[in-house]
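Protein chains in written order, with the numbering used here: chain A, 1 to 314; chain B, 1 to 280; chain C, 1 to 335.
Don't read these hints as lab results, they were simulated from the structure. There could be a bad hint or two in this list.
[To be verified] Computed spacing ranges between beta-carbons, pair by pair:
#, chain 1, residue 1, chain 2, residue 2, range
1, C, 111, A, 269, 39 to 45 Å
2, C, 22, B, 47, 57 to 63 Å
3, C, 83, A, 303, 39 to 45 Å
Every value quoted in this text rests on a predicted model; they were computed, and no experiment measured them. All C-beta atoms in this analysis are idealised placements derived from N, C-alpha and C, irrespective of residue type, glycine included.
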Amino acid sequence: MIKYIIRRLITLVPIIIGVTLVVFTILEMTPGDPAKMMLGDGATLEQFEAFNEKFGLDKPFVSRFFNYILQLFTRFDFGTSWLTSRPVLDTLKARVPITLIIAVSSIAFASTIGVSLGVISAVKQYSKLDYVSRLTAMVLAAVPVFWLGMMLAILFALKLGWLPSSGTGSWKHYILPMMTLGLPYSARILRSTRGYMLEAVRQDFVRTARSKGVPERYVIWKHAFLNACLPVINTIGVYMGGLLGGAVVTENVFGCNGLGSFIINSVKRKDIPAVTGGTVFLAMIFALILLAVDILYAFVDPRIKARYTAKGAK
Amino acid sequence: MSPLQETIYRFSQNKVSLIGLAVVLLLIFIIIFGEFISPFENGVKQNIRMRLQGPSAEHWFGTDAYGRDIFTRVLHGTKYTMMIAFPATFIAEVIGIILGACAAFYSRWFDNILMRVLDVFQAIPGQLLALAVVAALGGSLFNLVIAMLIARIPASVRTARSIMLSLVGQEYIDAARSYGSRDYHLIFRHVIPNSLGAMIVSMTINLSAITLQVSSMSYIGLGVSPPTPEWGALLSEAREFIITAPHLIIFPGIAILLTALSFNLVGDGLRDALDPRLRD
Amino acid sequence: MDTLNNTLLKVENLHVVYKARRETVYAVNGVSFCLKKGETLGLVGETGAGKTTTAYAIMRVLPDRTARIVNGIIEFEGYNLLDVPENLMRHGIRGEKIAIIFQDPMSALNPIMKVGDQIAEALKFHNKEDLSPERIEEQVDRTLELVGIQKERKYDFPHQLSGGMKQRVVIAIALVCEPVLIIADEPTTALDVTIQAQVLAMIDELREKLGTAMILITHDLGIVAQMCDNVAIMYAGEIIEIGSVEDIYSGKMQHPYTAGLFGSLPDLEKKTDRLHPIEGLMPDPTDLPKGCKFNPRCPRCMDICRNVQPEFTVEGTHKVACHLYGSGKGRGIDE
Numbered sequence: 001m002i003k004y005i006i007r008r009l010i011t012l013v014p015i016i017i018g019v020t021l022v023v024f025t026i027l028e029m030t031p032g033d034p035a036k037m038m039l040g041d042g043a044t045l046e047q048f049e050a051f052n053e054k055f056g057l058d059k060p061f062v063s064r065f066f067n068y069i070l071q072l073f074t075r076f077d078f079g080t081s082w083l084t085s086r087p088v089l090d091t092l093k094a095r096v097p098i099t100l101i102i103a104v105s106s107i108a109f110a111s112t113i114g115v116s117l118g119v120i121s122a123v124k125q126y127s128k129l130d131y132v133s134r135l136t137a138m139v140l141a142a143v144p145v146f147w148l149g150m151m152l153a154i155l156f157a158l159k160l161g162w163l164p165s166s167g168t169g170s171w172k173h174y175i176l177p178m179m180t181l182g183l184p185y186s187a188r189i190l191r192s193t194r195g196y197m198l199e200a201v202r203q204d205f206v207r208t209a210r211s212k213g214v215p216e217r218y219v220i221w222k223h224a225f226l227n228a229c230l231p232v233i234n235t236i237g238v239y240m241g242g243l244l245g246g247a248v249v250t251e252n253v254f255g256c257n258g259l260g261s262f263i264i265n266s267v268k269r270k271d272i273p274a275v276t277g278g279t280v281f282l283a284m285i286f287a288l289i290l291l292a293v294d295i296l297y298a299f300v301d302p303r304i305k306a307r308y309t310a311k312g313a314k
Numbered sequence: 001m002s003p004l005q006e007t008i009y010r011f012s013q014n015k016v017s018l019i020g021l022a023v024v025l026l027l028i029f030i031i032i033f034g035e036f037i038s039p040f041e042n043g044v045k046q047n048i049r050m051r052l053q054g055p056s057a058e059h060w061f062g063t064d065a066y067g068r069d070i071f072t073r074v075l076h077g078t079k080y081t082m083m084i085a086f087p088a089t090f091i092a093e094v095i096g097i098i099l100g101a102c103a104a105f106y107s108r109w110f111d112n113i114l115m116r117v118l119d120v121f122q123a124i125p126g127q128l129l130a131l132a133v134v135a136a137l138g139g140s141l142f143n144l145v146i147a148m149l150i151a152r153i154p155a156s157v158r159t160a161r162s163i164m165l166s167l168v169g170q171e172y173i174d175a176a177r178s179y180g181s182r183d184y185h186l187i188f189r190h191v192i193p194n195s196l197g198a199m200i201v202s203m204t205i206n207l208s209a210i211t212l213q214v215s216s217m218s219y220i221g222l223g224v225s226p227p228t229p230e231w232g233a234l235l236s237e238a239r240e241f242i243i244t245a246p247h248l249i250i251f252p253g254i255a256i257l258l259t260a261l262s263f264n265l266v267g268d269g270l271r272d273a274l275d276p277r278l279r280d
Numbered sequence: 001m002d003t004l005n006n007t008l009l010k011v012e013n014l015h016v017v018y019k020a021r022r023e024t025v026y027a028v029n030g031v032s033f034c035l036k037k038g039e040t041l042g043l044v045g046e047t048g049a050g051k052t053t054t055a056y057a058i059m060r061v062l063p064d065r066t067a068r069i070v071n072g073i074i075e076f077e078g079y080n081l082l083d084v085p086e087n088l089m090r091h092g093i094r095g096e097k098i099a100i101i102f103q104d105p106m107s108a109l110n111p112i113m114k115v116g117d118q119i120a121e122a123l124k125f126h127n128k129e130d131l132s133p134e135r136i137e138e139q140v141d142r143t144l145e146l147v148g149i150q151k152e153r154k155y156d157f158p159h160q161l162s163g164g165m166k167q168r169v170v171i172a173i174a175l176v177c178e179p180v181l182i183i184a185d186e187p188t189t190a191l192d193v194t195i196q197a198q199v200l201a202m203i204d205e206l207r208e209k210l211g212t213a214m215i216l217i218t219h220d221l222g223i224v225a226q227m228c229d230n231v232a233i234m235y236a237g238e239i240i241e242i243g244s245v246e247d248i249y250s251g252k253m254q255h256p257y258t259a260g261l262f263g264s265l266p267d268l269e270k271k272t273d274r275l276h277p278i279e280g281l282m283p284d285p286t287d288l289p290k291g292c293k294f295n296p297r298c299p300r301c302m303d304i305c306r307n308v309q310p311e312f313t314v315e316g317t318h319k320v321a322c323h324l325y326g327s328g329k330g331r332g333i334d335e
């Protein structure tokens, strides 16, 4: 099992390198001279040269890229901001907790609602509950996150005054972002779970369980649900990608200063190293999440577990 | 009945999807005839005395901070979203089919390399990829198309590849390849028409997702910028008036929601119609 | 029929339909038979004849959204199973008094549950003697031994077992509560030919040892000859011939369909160029023909066959539903 984890961790390395390459290349397309953008036209030639030298901008793309990778893997150096001249990592460390809280709370919220309603919806197919939840899920899955955020803010913060609408002071500040991001994803998770449960319930081994006289609730949860769990876990992992992207927007709506708003502001101010660092960092987090999902999957599914542990072969 | 007619028949039985299709057609109608419904000028004319009015007989959706008619602005906003969504989706699907077919049928080696490359692209959350593109090229209609394209192509390729592989098993391809490339081209000409149905479903998903993403980008100020009446941009303008004039927020948001929803409904209906399995 | 206290199961005029969105599938159309304690009844027929549906109807494990038992009585131990409330079926009948051995061992077992646990599950939910967990495990071990699997394998998952072993686990699950009736739905069809004989022999041995009655569903006449006391031939949802093994294999009357089944078997002794399958296909169950349902394919079809549903002609234990042997009367024009 440990071997499997280590092997998967190693495959992360080429992916991170690839991600960095993609981000680097895209951002390389930025027109204009960074030095001029940051220092303004009025600066002197020496100042431009100093800037370029400081940030290694006088070197060619390939060498810059290799240096970046080297720094990244040896010193966790995500680059230095053109604007503040401070390491991007500092900002990342300060801001990532906020983003993580939003992301984790949202996915927990979304999974809890989505999975449970999805199972119930599948078990009571064609019932009123099924139709209502599917309809609601359809609408919620199509709702723009930022708009939902504003509407929820109007309702809970302005009209009812229960929750604060911006900032990150207390736990209360995280409720609206959690619901804003969580509701659309709970809808998507509901639909996926329902689909997988419907499939699971039609499997032969469910019929075997029933014919043994197993009570229905065991048939649903112990047999059908545990089997449907596997693709559901997988799907939730994939949704994390969209969720992290959505967190970026949600931070903007609620004025939280997490990673997302950092990246957005850096984009607006053309602080390319900050954008690079932030994006690569978030991609790393996503890759780790997917890795965690894979490992969890291997733990839960005995067929996969068997492949990587001692007792496996027939 | 031919498979196509059967599919159309089954689709027409699904009332909810028909509603979705009706909305999509309405959107296309608005894009073409918008100017006749309410001229663009109405949304540009400023009238400070009439600013921030709620919905009325004269201004169906009310007016904004500059007294401009919101109904007209939302109406014309349709085309910006669609002008980005449709081309991006279409090009992404075409590239997806081409690369997907190559991956499925051309050579294992190419397939492996392509899958690794896609893994890398898909490791970056789509929103971030789009942000990176906009960071480099700036926000404009054209650049947004590029951004959406780059974000969506990996998924398109994977979908196309898996559809084609499911139609023609790997053993079949190996066998066909072993007795000459003649049958090989036949596979091509046979598989692509048969995957069209599933590809169209995937297109509707993309259209819906791009609609949401584009408006998000404009909302945070990195897409189309004011005064262009793109829906996300409209919502971005409306932010400061969230307390005083909530009607500014409701209508463009509903427009985005309805658009994304109707694409989803059409896609769902199509998926059910294509699937010959009886729905229990 | 025998004295009442020897009869275990009596199915009378069973009708089962499946309702899809726009059509109705007439799967079982008036099936009746009796089963005595310890007896084996072979239910023979082609795919689609309604054998599995009949079996599932007895256990009431038909898909409840589409299947409908529209008529009939299933008498078992004094109760009509069709009237018994669902929780009693679950608690007292299924797995405990009546058990099924399913056809496809590959999919009949839960892939993420240890096989020992799956066997124990049948015991746990019918724990009549309130056995402790240790005693339950002992019983599981004993049952595994009975089916020829080492008891260490109870910690394995289904994918770690071969096809034959999986089927033995399925059999173990069926037997662990020592039911009085086992329904074996083509228990060896999905297995290799070499394993088939083994598994069948084992089923036969166990059945004798435990005195269990059995309904053996199969399309293989060879198996029927080996293992069954009585045989019922099904076609298009009806039993068209029923009797003891001797009756069916060497009786004086023979339904043309049965003759066709026997005739399509390759004979080691006769030299022949081609096999002789029965011409045509089984009728569309949504659109069954009038009169005798076999009439479109019957080589000896008469006019009356096309219009009048044949009644059973009885000769001792042998019953055949065919106008060839009838006295001209029938059940009247079909609905």
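Assessment of proposed distance window 57 to 63 Å (beta carbons of residue 22/C, residue 47/B)
Holds, at about 59 Å.
Outcome of range test on Cβ distance (residue 111/C, residue 269/A; 39 to 45 Å):
violated, 54 Å
Do residue 83/C and residue 303/A keep their Cβ atoms within the hinted range of 39 to 45 Å?
At roughly 42 Å between Cβ atoms, residue 303/A and residue 83/C fall inside 39 to 45 Å, so the hint holds.
Hint 1 from the list above is the single one not met by this structure.
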